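Colleague: Chains as they are written, first to last, in this note's numbering: chain H, 18 to 729; chain D, 18 to 729.
Bear in mind the hints are in silico, worked out from the structure with no lab data behind them. Because the structure is a prediction, the values reported are computed rather than measured. Check the hints yourself; a few may be wrong.
Pairs involving identical chains hold if they fit within one copy or between any two copies, as the list cannot separate such chains.
As the list claims (entries may be wrong) - Calculated lysine-lysine pairs in the BS3-like style (CA-CA distance at most 27 Å, straight line):
1. 629 / 612
2. 71 / 86
3. 56 / 71
4. 711 / 721
5. 289 / 213
6. 56 / 213
7. 682 / 304
8. 56 / 102
9. 213 / 682
10. 89 / 66
11. 711 / 213
12. 86 / 662
13. 662 / 89
14. 304 / 711
15. 213 / 662
2 protein chains.
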Amino acid sequence: MCIKIRPFFCGLILGLLSLYTLATPADFSGEDGYRLWLKYDELDNTKLKKAYIKQLSGVYLDASSATGKVIKQELELALPALLGKPLTFNTKADNASLRIQLNQSPSALISGDGFSIQSQGKHLNITANTQVGLLYGTFHFLRLVQTEQSLAKLDITQSPKIQLRMLNHWDDLDRHTERGFAGESIFDWHKLPDYKEQRYYDYARANASIGINGIVPINVNSNALILSPAYLQKVQALADVFRPYGIKVYLSIKFSSPQQLDGLATSDPLDKQVQQWWQNKTAEIYKLIPDFGGFLVKANSEGQPGPGDYGRTHADGANMLAKALKPFGGNVLWRAFVYAHDSEHERSLQAYTEFVPLDGQFEDNVSVQVKNGPIDFQPREPFSPLFGAMPQTSLAMEFQVTQEYLGFSTHLAYLGTMYKEVLDADTHVKGTGSSVAKVIDGSLEGHSLSVMAGVANIGADRNWTGHIFGQANWYVLGRLAWDHELSAEQIAHEWVAMTLTHDVKSSEQIVAMMMASRENIVNYMTPLGLHHLMDTGHHYGPGPWVDNLGRADWNPTYYHRADDFGIGLDRTSKGTNGVSQYAPYWQEIFSDPAKTPDELLLWFHHLPWDYKMRSGQTLWQELVAHYYTGAAAAEQMQQDWLTLKNNIEPNQFNQVRMALAIQVKEAKWWRDACVLYFQSYSKMPLPMGFEKPKHSLEYYQSLKFPYAPGQG
Amino acid sequence: MCIKIRPFFCGLILGLLSLYTLATPADFSGEDGYRLWLKYDELDNTKLKKAYIKQLSGVYLDASSATGKVIKQELELALPALLGKPLTFNTKADNASLRIQLNQSPSALISGDGFSIQSQGKHLNITANTQVGLLYGTFHFLRLVQTEQSLAKLDITQSPKIQLRMLNHWDDLDRHTERGFAGESIFDWHKLPDYKEQRYYDYARANASIGINGIVPINVNSNALILSPAYLQKVQALADVFRPYGIKVYLSIKFSSPQQLDGLATSDPLDKQVQQWWQNKTAEIYKLIPDFGGFLVKANSEGQPGPGDYGRTHADGANMLAKALKPFGGNVLWRAFVYAHDSEHERSLQAYTEFVPLDGQFEDNVSVQVKNGPIDFQPREPFSPLFGAMPQTSLAMEFQVTQEYLGFSTHLAYLGTMYKEVLDADTHVKGTGSSVAKVIDGSLEGHSLSVMAGVANIGADRNWTGHIFGQANWYVLGRLAWDHELSAEQIAHEWVAMTLTHDVKSSEQIVAMMMASRENIVNYMTPLGLHHLMDTGHHYGPGPWVDNLGRADWNPTYYHRADDFGIGLDRTSKGTNGVSQYAPYWQEIFSDPAKTPDELLLWFHHLPWDYKMRSGQTLWQELVAHYYTGAAAAEQMQQDWLTLKNNIEPNQFNQVRMALAIQVKEAKWWRDACVLYFQSYSKMPLPMGFEKPKHSLEYYQSLKFPYAPGQG
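Modelling step: build the complete structure from the supplied sequences, incorporating the hints.
Modeller: So, in structure tokens, the structure goes:
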């Protein structure tokens, strides 16, 4: 074989031949992640299993409704598998140990689709005022079994704290997913309405199990075609699948649809014909989907059409749609994510500037949907100043579940801690205790319409979210929308027990990894309040040097303002005055570097490189230390995971192992690229003890990734 | 709830409420299709299972090589599952009933990666000259068990008839798949090289099980980036996964890569620097991938760069690459799919015109890859006249597995019959018996390099091919590349037994459906030799009226030539003279409508609407009858499938059921649109007894599908 080959390659090939025979084929056993947290593997705790079997000798359930059928099907799927024993259904309630029944008359202890799970002698009763409440109660009951909780003396009563608990998919009609990192959209519009993927049902089950009751299947950068008769039939098919699971479908709409679909001369919301068009279209939708949820609207933002095109306000636009929806019980979710390139205001101020003057003008079936922070889903932002600033308006929370700025689907970032940080933040608008959560759930100002939405991280990847731990972010979004008083740690424990392992020591270790994970990423990407340092377009990897984009406020340099003097964006009254949009309590804190928490320091202040930090170190030293701490934490996480090999199913273990290797590599890339770039301004040496970056700044600046996923 | 609602909608909503409670949730049980034909469910034939258990009491295998490990892993996966009994491995061959061993010295009865399976007393011996031969023998052995064949007195010896058995993926670096209808590409380039999907291994297993030994993971419309160092690392990772399975990676290349990647002034294949560039690049690839397969090239076709840009021939281009690859044992697959808008020749003649004069000029590690027909994967074409016309050149067969023109992934079309029709076609270039198969396998002219490639229908859909029956097309491609003398029916039986059911009556019925399925589609899309009638761009649905595209030869009207006189493209000497490219035997037949087979009549002839067919009917009557027969056959297939409900696993049954509903709908759409359109020329009435089209021609012409999948 080597005769014709040049000697060098001949030796090389022989060398490699001996090497590559050592390659190990994949391990086929183990969990591929498709089942999410609804795994239902037989419990290994024999004692507890015996107790469960005794307590669950028979089930009584009225399965005549579609939701009843879903409950029955879930029990048939779960209990025999968990307990290793066939399931018996009793035709009479008296004989059954587990009884799932609607309340005879509505219970006042429960609101909406809440439920009770109560022990009564030998019986366990799941009750609710609605069929969907029974479904939620059933899933909660199954969670108790999955997480190996005692079923003795139960007295649980829960009602959702937030009314609309939603997933927003930024999915296009061609199945491209904007900011999607787990494969293309799960919604196969071409094959709908006739072909209903099994995946749609499993998606519905997963959502119902965590209380999600609304989904928007298409991108906020919408497409008028979604409202065409052919596509509405497809939407109807999805709604039919989701209905028994208590899930309503909403649609992102294009504000210019009247012109694009039916050739109207205008889409001015004050135009009578336009108003009539929306009324007709809405009626057409409700004919097909009697429980249609409503419209989600991105208007006059990043090039999308909107009422501003006609000199009208967001309220004018939202109210036109709200009036069309009101007769049918639908809602409008009007997004506050707006910023204009010609605005006199710095970007973080613009949503407040545009929306606060409209407070009181929105119809009561409109909720203004606000991203958690004033910029755009950065690893850390302060809470948006809109929360608390529009007391007469229902404000919806928009979290991002997909990790656009948090490492795509290869970085382990548990977002429960981030969501909680925002929800627990105290706006102080009505004194201490005016938390963001209370703004959102309506309790602070007495709104009945309450909404929490997550931008989905779901794609056609077999494990749904690319990274197994991405599943935890879908899970925690639903759980917190149901009850924002749950702790991130408690939810992480639930998820780990259902998804990965019941082993106590392993669980503790995994939960600890999760709890620290988001802060690790903040550290190696954007520590100390830095933000928007990512590369252009795809947002993959570091690009703090980018300064040449079409709009100033798309450039990282707009946000970090690094120069020979120092770094950070001055948002005090001497700067862009972003602080002025917060309650006086926060104005005082955010205006003073000495009072501003370290983690938001450079969000609010431009400080010299030798600024003395609380720790006694200079700003430069501390900045660098954060970058190195973050990258080191990623390495530690990788080490910790490897110790779990024998306690995690091989397929899950390997998926996470491979992702962590990428995360370690990319954490160092972020660290080195940012440190080298900022060093070009600080002109200060790398503090002692830190490993030198592998490459030059020019090298990092030269990297290009034209096919990184999740292009906007 | 209805108080505020207008009475009409109130009634409607109540009506629908009662309806939608009847919606049935999905059945979660059953096979989702991921396992393909490697299902390994426990055999239900108890008697046979007992016999197998007795015959397979222990296995001896040297699993020290990477391929040996793969064999061991497959046996461990398959046998315990099929037999319901743990597997024993013996450390000594003497004790084992199943012995898998390399021949001590190469057997002359076997060539390449062939194998023997032979009974010897109580032993069953699988032997081969190569590790990969043992893997193929093992998969063949498992197929015997899966299809419930006797293991007694086996005496099987097989060697592949074709050397390179390949899948070509038309997948782009952003995971878009040109002509892909089963989700996006399975190759996640972004996460490579670090993240190796379990799917890659299962893909390799499936390919190895049918003898496929080469894959091209990226589109023939290639991207220079694939040869950049960063991407070559990703390719290396794939090659490392595939190697133990006997699969080599090849790359589609962009002919202008020297300019695009490294800024050379030209990509002229006669330029020394360009030649050196390719030599260096090739060496760089082999450093990473010592068993790299070679290059697949689409040049000077549909806008791709090529040697023609510099006035050089295809041979100049191919030979430059061949010389760079030769020292390493690599091959060039140079595609003959070329046609130019400025050619004086009708499109079907152009590949022949360009390539035949180059016969004898290609290096011996070049194979010219020819699509099966002279146009482009139509439901039916005559065999390409290139087969037999280039005796001094290795010719590779390019079949399309993905159903670009055969109903995407919702029409049931078993392509085994089509592949066989082409392979069995007799070119008559060296007298009777000069089959296309003999051209391809090299036996007709004594070529040692032989290639069969299929354009893959594989995507990220859980069942790989969108339609369960699409799996059969992947399967039959591999099986026929291994042995083109197998019958399509025999292969269908194998596949059904492994994939769907062992029930004899059901199998017979399913195989009958499969065997008729492609002709059904020909009938409702392009009967009697019609071709290229599909709509623009996406090729979804009928568009016989399209006449306004950028190039004449992209328009359906270019091919059907319907006018007031008649229909069909005259390719006789009085027309484009396409017949002249065939052997005299065929020239005589194809030149005379009376001798031309009905199924190719309008391919070769433009005939009046009242032309008298063999059947005695007019051409118009027969054309219409074919369309109606095809659509009726689709309905019959749907009915037949529904009778199988209890013999097919629910998930598989439902997937096919939904697809068949779409197929029936679309078959009628094709029928009605084409009949109405051709009627506008024939001016003849619909023959008696045929159901009137549902809509007007204008309606069908108005349909638009901007987001149909598989855009080119």
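Colleague: All the hints need checking, so say for each whether the structure fits it.
Modeller: Against the structure, the hints:
no. : hint      : verdict
1   : 629 / 612 : within (13 Å within a copy, 96 Å between copies)
2   : 71 / 86   : within (24 Å within a copy, 45 Å between copies)
3   : 56 / 71   : within (22 Å within a copy, 36 Å between copies)
4   : 711 / 721 : within (18 Å within a copy, 53 Å between copies)
5   : 289 / 213 : neither (39 Å within a copy, 57 Å between copies)
6   : 56 / 213  : both (23 Å within a copy, 24 Å between copies)
7   : 682 / 304 : between (53 Å within a copy, 24 Å between copies)
8   : 56 / 102  : both (16 Å within a copy, 26 Å between copies)
9   : 213 / 682 : between (40 Å within a copy, 16 Å between copies)
10  : 89 / 66   : within (21 Å within a copy, 36 Å between copies)
11  : 711 / 213 : between (50 Å within a copy, 25 Å between copies)
12  : 86 / 662  : between (39 Å within a copy, 21 Å between copies)
13  : 662 / 89  : between (36 Å within a copy, 23 Å between copies)
14  : 304 / 711 : between (62 Å within a copy, 24 Å between copies)
15  : 213 / 662 : between (37 Å within a copy, 18 Å between copies)
The structure is inconsistent with hint 5 alone, although it conforms to all the rest.
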